[in-house]
Amino acid sequence: MTKSELIEKLAAEQKHLSQADVDLAVRTIIEQMSAALSSGERIEIRGFGSFSLHFRPPRMGRNPKTGEAVALPGKHVPHFKPGKELRERVNAAAQAVQD
Amino acid sequence: MALTKADLANSLFEEVGLNKREAKEFVDAWFESIRDALEAGEHVKLSGFGNFQLRDKRQRPGRNPKTGEEIPISARRVVTFKPGQKLRGRVEAYAGPRE
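Chains A and B supply the protein sequences, listed in that same order.
The numbering of the first sequence is the working numbering, which starts it at 312 and goes up by one.
The numbering of the second sequence is the working numbering, which starts it at 39 and goes up by one.
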């Protein structure tokens with residue numbers, strides 16, 4: 312499912328909202344979540360999961376073209392931990408298909 | 039202080055102009071739609087944010103850390119999140135505490 316498919320689905324469900332409102336609401340949610348993580352704030356959505364930052368320490372890297380060593384600074388990367396309900400639903404559905 | 043569904047609903051109220059009930063419903067519908075797609079075995083791609091992917095794990099040996107007893111970890115389907123380039127770039131710039 313892509314973002315535009317998700318927008319279509321939400322628009323079909325929330326018929327009282329205009330298409331413009333649905334588009335803006337989706338952009339607002341994504342921007343709000345990105346902005347929180349970019350400022351080091353965690354995101355906690357019960358039943359879905361939490362997003363936090365993990366730190367990657369500085370390391371020596373290599374330019375793959377020239378083989379030259381380059382010092383890479385430490386950085387933060389986003390990390391997602393699925394919540395209990397999401398974990399259980401996804402796994403239960405997968406088991407049901409197998410049986 | 040972590041970003042929650044209440045914060046997201048509040049920004050839909052303030053920035054999109056949804057009323058409080060619509061805003062709360064929209065945020066719930068957003069996360070529920072993503073859970074539904076993942077439960078149905080679909081990957082979810084949110085351009086500008088990242089992709090939620092599914093991985094099928096085979097059974098592997100595990101151990102009860104308290105008793106040291108060996109117990110197999112059953113085969114399961116798990117959700118992983120791969121942040122998009124835009125989000126990774128924004129988060130990399132964060133220079134806060136190293137967690």
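Rather than coming from a laboratory, the hints here were simulated on the basis of the structure.
Be aware that a few hints might be false.
[To be verified] Output of the computed footprint for chain A on chain B, the stretches with three or more beta carbons under 8 Å from beta carbons of chain A:
(1) 43-53
(2) 82-90
(3) 98-108
(4) 112-121
Glycine included, C-beta positions come from ideal geometry on N, C-alpha and C.
So, going through the hints one by one against the coordinates:
1. By the rule of at least three residues with a Cβ nearer than 8 Å to a Cβ of chain A, the coverage given for the segment 43-53 of chain B holds, with 6 such residues.
2. With 8 residues having a Cβ less than 8 Å from any Cβ of chain A, the segment 82-90 of chain B passes the three-residue criterion, so the hint holds.
3. Counting residues of the segment 98-108 of chain B whose beta carbon lies closer than 8 Å to any beta carbon of chain A gives 0, which falls below the threshold of three, so the coverage claim is violated.
4. For a cut-off of 8 Å, the count of residues in the segment 112-121 of chain B with a CB near a CB of chain A stands at 7, and the three-residue condition holds.
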